[in-house]
Amino acid sequence: MHQITSEQRHYLVKLLKNLEFNLLALEDITYAIVTSGGVDVKQIVPNTMKSKLIDNLYFAGEIIDVDGGCGGFNLQWAWASGIVAGTSATKSLIE
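First residue of the sequence shown? That's 1493 in our numbering, and the numbers climb one at a time after it.
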């Protein structure tokens, strides 16, 4: 990131934050899957979702090695960990 200008960084952040995807169709629930593997939970501070190895890096959802059975557990994990990671990352910018 140090090889691009501040203006280019701001443009990239704006672009990524406003990235949109248009869904063309949905598959039947029988095709629903969850990924397994990812960042080891032992490498993450659980109450902030912050990396223990890299400063100012936060994780959420399926990037983390957490998966549950059917019934919405994985969706709940994605939403809950996303809220914790996003809130924590925001607080770290303010402090």
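Note that these hints are calculated values from the structure, not bench results. The beta carbon of each residue, even a glycine, is placed where N, CA and C say it ideally should be. Where hints are given, some of them may not hold.
To be verified - Straight-line alpha carbon distances no greater than 30 Å define the calculated DSSO-like cross-link-like pairs of lysine-lysine that follow: (1) K1544 x K1509; (2) K1544 x K1506; (3) K1544 x K1583; (4) K1583 x K1534; (5) K1509 x K1534; (6) K1583 x K1506; (7) K1583 x K1509; (8) K1544 x K1534.
As the list claims (entries may be wrong) - Have a look at the derived ranges for each label pair, beta carbon to beta carbon: (9) T1497 x Y1523: 14 to 24 Å; (10) T1497 x I1521: 19 to 29 Å; (11) R1501 x K1534: 28 to 38 Å; (12) K1506 x A1572: 37 to 47 Å.
Holds or violated: K1509 with K1534, Cα cutoff 30 Å? Judged against 30 Å, a Cα distance of about 29 Å means the pair holds.
Take a look at whether the Cβ-Cβ distance between R1501 and K1534 falls inside 28 to 38 Å. holds, 32 Å
What's the verdict on K1544 and K1506, does the C-alpha distance respect the 30 Å limit or exceed it? Holds: K1544 and K1506 sit about 28 Å apart, inside 30 Å.
Does the alpha-carbon distance linking K1583 and K1509 stay inside the 30 Å limit? holds, 18 Å
Is the gap between the beta carbons of K1506 and A1572 within 37 to 47 Å? violated, 27 Å
Using the Cβ atoms, figure out if T1497 sits within 14 to 24 Å of Y1523. violated, 44 Å
Distance restraint between K1544 and K1583, which requires alpha-carbon spacing of 30 Å or less: holds, 17 Å
With 19 to 29 Å as the target window, see if T1497 and I1521 comply at their CB atoms. violated, 47 Å
Satisfaction of hint between K1534 and K1583, Cα-Cα up to 30 Å: Distance ~22 Å between K1583 and K1534 Cα, so the pair holds.
Do the alpha carbons of K1544 and K1534 lie within 30 Å of each other, as the hint requires? It holds: about 8 Å lies between the C-alpha atoms, which stays within 30 Å.
Keeping to a limit of 30 Å between CA atoms, is the pair of K1583 and K1506 held or broken? The given pair, whose Cα atoms are some 20 Å apart, holds under the 30 Å limit.
Can the restraint linking K1544 and K1509 be considered satisfied, given a maximum Cα separation of 30 Å? Roughly 25 Å separates the two Cα atoms, so the pair holds.
Hint compliance for this structure: hints 9, 10 and 12 are not met, and every other hint is.
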